Amino acid sequence: MRPHPTAVTAPDTGDALVARDLVKTYPGVDAVPALRGVDVTVSPGESVAVMGPSGSGKTTLLHVLAGILTPTSGSVHWRGRDLARMGDAARTALRRTDFGFVFQTGHLLGELPALENVALPLMLAGVPRREAAGRAAAVLATLGLGGLERRRPGELSGGQSQRVAIARALVGRPGVVFADEPTGALDQQTSAEVMGELTRRCAQEGAALVVVTHDAQVAGWCGRTLRVRDGRIERPATPDRPDLATGTPNTSDRGTPPTPRDAAARSRDEQTVWAR
Amino acid sequence: MRAALGLWWGLQRREAAHDRRPTLLAVLAFAVSTTALLVSLGGTHAFVDRAAVAPPGDEYAPIYVVLALVACALLVVPILTLGGVAARLGVARRHARLATLRLAGATSRQVGLMTLAECAAQAFAGAILGALGYALALAPLSLLAFQGRRLGVDELWLGLPLVAAVVAGVVLLSVASGVGGLLRVVVGPLGVAARTTPVRLSAVRVLVVGCVVLAWFVVGQLTQQVGMAVTLGVLAAVVATINVLGPYVVMLSGLAVARLARGPETLLAARRIVDDPRSTWRSVSALGLGVALAALSSVGTVIAGDAGADPAGAVLGADIATGSLVALVIVSVVAATSTGVVQAARVIDQGPQYRALALAGAPIPFLHRARLREVTIPLGATIVLGSVLPLLVLVPFADLAGIGLLVRTVVAIAAAAALTVAALAASRPLVREAVRL
Numbered sequence: 204m205r206p207h208p209t210a211v212t213a214p215d216t217g218d219a220l221v222a223r224d225l226v227k228t229y230p231g232v233d234a235v236p237a238l239r240g241v242d243v244t245v246s247p248g249e250s251v252a253v254m255g256p257s258g259s260g261k262t263t264l265l266h267v268l269a270g271i272l273t274p275t276s277g278s279v280h281w282r283g284r285d286l287a288r289m290g291d292a293a294r295t296a297l298r299r300t301d302f303g304f305v306f307q308t309g310h311l312l313g314e315l316p317a318l319e320n321v322a323l324p325l326m327l328a329g330v331p332r333r334e335a336a337g338r339a340a341a342v343l344a345t346l347g348l349g350g351l352e353r354r355r356p357g358e359l360s361g362g363q364s365q366r367v368a369i370a371r372a373l374v375g376r377p378g379v380v381f382a383d384e385p386t387g388a389l390d391q392q393t394s395a396e397v398m399g400e401l402t403r404r405c406a407q408e409g410a411a412l413v414v415v416t417h418d419a420q421v422a423g424w425c426g427r428t429l430r431v432r433d434g435r436i437e438r439p440a441t442p443d444r445p446d447l448a449t450g451t452p453n454t455s456d457r458g459t460p461p462t463p464r465d466a467a468a469r470s471r472d473e474q475t476v477w478a479r
Numbered sequence: 155m156r157a158a159l160g161l162w163w164g165l166q167r168r169e170a171a172h173d174r175r176p177t178l179l180a181v182l183a184f185a186v187s188t189t190a191l192l193v194s195l196g197g198t199h200a201f202v203d204r205a206a207v208a209p210p211g212d213e214y215a216p217i218y219v220v221l222a223l224v225a226c227a228l229l230v231v232p233i234l235t236l237g238g239v240a241a242r243l244g245v246a247r248r249h250a251r252l253a254t255l256r257l258a259g260a261t262s263r264q265v266g267l268m269t270l271a272e273c274a275a276q277a278f279a280g281a282i283l284g285a286l287g288y289a290l291a292l293a294p295l296s297l298l299a300f301q302g303r304r305l306g307v308d309e310l311w312l313g314l315p316l317v318a319a320v321v322a323g324v325v326l327l328s329v330a331s332g333v334g335g336l337l338r339v340v341v342g343p344l345g346v347a348a349r350t351t352p353v354r355l356s357a358v359r360v361l362v363v364g365c366v367v368l369a370w371f372v373v374g375q376l377t378q379q380v381g382m383a384v385t386l387g388v389l390a391a392v393v394a395t396i397n398v399l400g401p402y403v404v405m406l407s408g409l410a411v412a413r414l415a416r417g418p419e420t421l422l423a424a425r426r427i428v429d430d431p432r433s434t435w436r437s438v439s440a441l442g443l444g445v446a447l448a449a450l451s452s453v454g455t456v457i458a459g460d461a462g463a464d465p466a467g468a469v470l471g472a473d474i475a476t477g478s479l480v481a482l483v484i485v486s487v488v489a490a491t492s493t494g495v496v497q498a499a500r501v502i503d504q505g506p507q508y509r510a511l512a513l514a515g516a517p518i519p520f521l522h523r524a525r526l527r528e529v530t531i532p533l534g535a536t537i538v539l540g541s542v543l544p545l546l547v548l549v550p551f552a553d554l555a556g557i558g559l560l561v562r563t564v565v566a567i568a569a570a571a572a573l574t575v576a577a578l579a580a581s582r583p584l585v586r587e588a589v590r591l
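Chains as they are written, first to last, in the numbering used here: chain A, 204 to 479; chain B, 155 to 591.
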């Protein structure tokens, strides 16, 4: 755990990522708020899934938490600083140093070999190339990609690409990794492998993980799930379950590993919840 | 057929203004290449005209025709390259759309027709605009004086049938390139979109170039025996080999820079160059050729000026200098358009990657710097290779007139490079837009 010298300004946040009363309205004709009063606390090292139907505001929530968007009102505290009050350049730098990102496939740079894709964030942060390459190779090796360093994204399978993306997100030792539909383009088995690696490696690095997904099985890998609907958190979050943030799916409530049938059942479940 | 064309037209009209930009870039590229081609042909036409009515004793008139033909031959390569760039624009997006249409039930014949209609429409619009550009350029061009008198608009005007033929030629070439693209889709719809290992260009290219240069030396010695036509043919082959060797040299230098790069922007720029050395070469070769031409001709002029007490010879020397500057202006515009269009299209094609980089904390200035290096590294190399050697040859001959010419050439080359960089900068708003949420 890193110390938090500026904790005076945000006494109760500590090393957590704490959002309070987030409201986000996109400018436009039909200015329906995408977020209307959201409170979220992401504790150090925990994994949180954010689920919700299309247009529910879950990606907006991720972007606001990650300092990509500034909220219309409300605050996002990270290590004692309010992201909502920081300038654009400062937030960009913070995303580079404190956060990691995994998107759907296709967002690695196609011209760069895997190793350089992973080393790039370090080089952007001013780490000399040789050191950056060494650290990138080490992270790739921990993800089972040793020997594929010279391959370019086009020469990797979907699952391998996503593991490179995970390596890129983790190489800077971030405090939080944000993942937006990280398995959206993968088949179910590969998706489970990638989620397993993502949660396992984040836990090992002590990084918190926030995953936006509409796949109940993906959410099952996280310690808890937030359901977003119409810009609000749908129901109180289940208690933190740090024991589940170590690379095992959150299946204890059903006693069996997630299967398509379970996923379908759960999504029916959610629909009934949302219908209320 | 009518159904396919109707569907194509409907899609064209419904396209958001945002998606239309690759089309506009293609039209711009076709327009500039058509204007450049017509201006080059018009200049050649003027000298052919003059030679036809020259008094029998005028030994210089045929030289002008030969020089104009050589210049025109040299210009045609970069101009056709720009045409090729235009035809390739938006290929990725077009293929994605065609694949969607195929899935939606369009037959391959319908899809093929729609592609060809799109190629032809873009080329036609561009060529018509280009012909207008040529007509507008006639008045300023007629201010140039050669052989002691100004070029007349009537001398530069090719006549309606020839202009129409050029427009038709541009459309045909574009459709031909569209057919090429279609064949690749037919071979494998996934093969086009998926990015695999960059094609490593082989060293065989060096061998080919060696042979052609050897042939040039031999033919150069035997011009009397083999005749002018063969000599010009071999010269054209030498020029063509520049395009064979260029991408290879670009790739090698890209690999070297990538290996040595310290900063992330240089690394990214070098990898992009290695990723597609042909496209990089296309965007800088025109300028390299123009620069070499300008530098070489200024060398020639100074040497000729040294030798010539003959007033007509002095006029010829000055005319060569003027002509090479005009050629440099044409290639500069062609090169700048080429670079600007290729780079703008790349930003549009790679929008998601740019955005992901920015979200992950890459500052926008970094993206700009990487793009700038992607252009300036090969541009710098081309200019140095194309100009420094000829200019070094010039230095021993440099009297006062030579220095004036030297300065003029250097200024022209610098202006040409600046124009290319400015064309690159024109696509900066696209980067900002790509990374905006």
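These are calculated hints, taken from the structure and not from any lab test. Remember, it's a predicted structure, so these values are computed and weren't measured experimentally. Worth double-checking, as some hints may not be accurate.
To give an idea of the interface, some chain B residues facing chain A are shown, with a C-beta separation under 7 Å as derived from the structure [stated by the list, open to error]:
#: 1; residue: Ala410
#: 2; residue: Arg413
#: 3; residue: Pro418
#: 4; residue: Asp429
#: 5; residue: Arg432
All C-beta atoms, glycine included, are put in the ideal place defined by N, C-alpha and C.
Problem - Structure-inconsistent hints, enumerated in ascending order - result: Numbers 1, 2, 5 - these are the hints that the structure violates, sorted from lowest upward.
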